[in-house]
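Asker: So the protein lines, in turn, are chains A and B. Quick note: to get the numbering used here, add 1 to the position in the first sequence (first position is 1). Quick note: to get the numbering used here, add 11 to the position in the second sequence (first position is 1).
Hints in this document: simulated from the structure, not taken from any laboratory. A quick note: this is a predicted structure, and the numbers were derived from the prediction, not measured. A portion of the hints provided could be inaccurate.
As the list claims (entries may be wrong) - Residues from chain A that face chain B, not an exhaustive set, calculated with beta carbons under 8 Å:
no., residue
1, Ser-56
2, Pro-59
3, Gly-207
4, Asp-209
5, Ala-217
Where a beta carbon is used, it is the ideal one built from N, C-alpha and C, also for glycine.
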Amino acid sequence: MALPTYASKLERVWHWAYLAICTAIFVFLIAPILVVIPLSFNAEPYFTFTEEMLSLDPDGYSLRWYDSLLTFGMVAPDAPRNAAWWADMWTNARWVNAAKNSIIIGVFATLLATVLGTLAALGLSQREMPARRAIMAILISPMIVPIIISATGLFFFYSNPCEALTWIGLNVQCGRLAGTYPGVILAHAMLGIPFVIITVTATLVGFDQSLSRAAASLGANPRTTFFRVVMPLILPGVISGALFAFVTSFDEVVAVLFIAGPEQQTIPRQMWSGIRDQISPAILAVATLLVVFSIALLTTVEMLRRRGERLRGLAP
Amino acid sequence: MTASAGKDGFVLFDHVQKSYDGQTLVVKDLNLSIAQGEFLTMLGPSGSGKTTCLMMLAGFETATHGQILLDGRNINDVPPHKRGIGMVFQNYALFPHMTVGENLSFPLEVRGLGKAEREARIMRALDMVQMARFRDRRPAQLSGGQQQRIALARALVFDPKLVLMDEPLGALDKQLREHMQYEIKALHERLGVTVVYVTHDQGEALTMSDRIAVFNDGRIQQLATPSQLYEQPENSFVAGFIGENNALAGTIERLDGQTALVRLANGELIDAAPVNIREVGQQTLVSIRPERIEFKPENMPPDVHTVEAEVIEVIYMGDIFRARMKVAGSDDFVMKFRNTMGQTRLSPGQKIRVGWHPQDARALDPV
């Protein structure tokens with residue numbers, strides 16, 4: 002944004018002030034995230050910068066908190082690091098288990114949210130669909146309703162999902178969803194669906210409906226039309242939605258606190274209990290890893306999406 | 012004013028009606044029979060129901076009443092993808108994520124054709140539109156005219172018996188449009204495929220069609236060959252819609268078989284050929300083509316009535332002159348005359364007398 006040569010003095014002043022304001026906003030947004038990164042290399046169990054760290058003394062820094070992510074919860078953390086140690090870590094380390102849970106729950110919740118959200122967006126984009134706005138509003142509501150309210154509702158519903166059937170006279174007994182993997186996955190899918198609906202709907206606005214008609218006129222049945230014409234063209238929106246759904250699940254703590262049992266300890270929940278029980282910079286190490294993971298995920302998916310768009314002739 | 016719905020038609024609209032809201036009919040009692048190998052154009056202003064008719068034939072809209080037959084089979088309940096009708100869309104509707112070759116391959120793949128057969132057909136279709144060297148390009152890398160050729164090739168590659176074209180040349184510039192008109196016409200003649208073509212461009216319709224169905228207000232106003240439509244319009248809508256046209260309002264003074272004498276508003280008398288006129292004293296709108304008006308007495312038949320005209324402006328259009336004149340009180344009477352060697356030049360303000368062959372002036376029902 003270079004200044005034109007005819008800019009007046011006031012315009013010049015405003016130009017620099019504008020840049021300064023933008024920088025300040027940027028710092029405001031990014032500083033809390035960045036400050037965590039050096040602190041996670043703290044050699045001492047403090048949440049503040051020590052003297053050694055500030056004077057850039059190598060002794061002030063260490064990887065001990067990253068190491069503690071592996072050892073915390075192990076049966077024999079101090080044993081020599083052989084195959085048995087790694088096996089012990091893989092089964093017992095709390096953070097490792099939390100990561101496993103987060104990924105399992107995130108992947109399945111994302112799959113479910115993506116499939117359901119895409120189908121909903123496709124249906125809602127049909128002009129013949131009655132009450133489109135009302136249905137859209139209901140489907141989007143998990144994003145608007147405070148999550149603690151959704152979570153409370155989910156807790157009671159998932160505690161005895163068949164209870165609703167007794168209201169219509171059916172007396173069916175079934176197991177509880179609360180405290181199970183499917184329960185957490187369903188809850189997270191519900192929270193992720195609105196993102197998928199929004200991104201896919203936005204993509205469908207730009208979708209030329211005459212392409213579907215063209216496919217039909219060329220002899221393709223609706224299923225073939227969907228998989229060979231519609232799906233490839235809305236894929237960027239679907240991928241963006243899936244990414245949002247995954248991130249939503251990955252950093253969600255409230256619903257997990259309500260619904261999950263001890264088996265479904267996820268990373269955010271482990272962080273939550275970590276903060277409450279024993280304050281240790283291990284949490285900063287996790288935060289740093291998550292920042293790196295998020296950036297890597299976003300970059301990869303965005304690069305894949307752009308490459309796909311270019312390959313499919315949608316963008317120059 | 013519709014064609015008799017003979018049962019031998021390749022495409023047959025039989026008392027077809029269409030309403031979107033259950034109240035107003037967009038298409039009112041359409042009867043139309045299209046012969047095999049015919050190039051039929053549906054021509055009309057926007058909102059006249061022509062595109063709706065095409066969409067019903069393609070299967071994207073359902074008829075509210077009546078039936079549509081294709082090759083003797085009722086296709087009302089056949090979904091679009093089972094009709095086997097090729098279609099060219101206004102915006103081309105090429106699949107942007109596929110190359111030209113993949114676009115053409117698509118209809119063949121869904122029909123389960125083998126690779127060798129597909130390749131042969133794709134090459135044949137691309138050669139037909141002279142686009143063979145573009146087969147690995149994507150639609151976005153092609154110009155509008157090239158995309159249109161690919162769309163045409165794609166609609167023809169699976170050898171449909173019937174091809175529908177929905178204003179396919181609407182997005183092209185004038186020169187390319189005219190060029191494509193001849194190309195489509197030539198393709199039609201070479202392949203012998205039946206074409207139903209929708210357009211609002213009368214020039215396009217006249218150039219390409221075997222027959223033209225002029226649509227207005229959900230009805231076919233006239234179904235005829237281009238020359239019949241232009242020279243013998245059956246009502247004032249058709250006369251006004253096709254080509255430029257002068258309309259003079261008057262009353263029938265004398266009716267005498269093939270000729271009529273019409274008294275204009277200012278009392279002058281003109282000769283005309285009666286079309287839907289039944290009695291003396293009836294109101295009429297006489298329609299005369301600008302290029303059929305003569306202002307030199309030696310070019311007019313003897314004893315013809317002439318009217319006084321005052322030249323208002325003369326526009327030089329290269330091959331012709333277009334003179335706007337004041338005739339019988341209205342000042343938008345247009346005469347066109349050729350720019351030949353030694354042609355008389357008219358100037359504004361000049362008073363002349365104009366006349367015409369009685370059969371060129373058609374006394375139509377007033378609308």
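Asker: Please go over all the hints and tell whether each is borne out by the structure.
Answerer: Tested hints:
1. For the restraint placing Ser-56(A) at the interface with chain B, the shortest Cβ-Cβ distance is roughly 58 Å, beyond the 8 Å limit, so the hint is violated.
2. A distance limit of 8 Å between C-beta atoms decides the matter here; for Pro-59(A) the minimum to chain B is near 54 Å, and the interface restraint is violated.
3. A hinted interface residue such as Gly-207(A) counts as satisfied when its beta carbon comes closer than 8 Å to some beta carbon of chain B; here the least separation is about 11 Å, so the hint is violated.
4. At its closest, the beta carbon of Asp-209(A) sits 7 Å from a beta carbon of chain B; the interface hint therefore holds under the 8 Å criterion.
5. Here the hint on Ala-217(A) is kept, as its CB sits about 4 Å from the closest CB of chain B, short of 8 Å.
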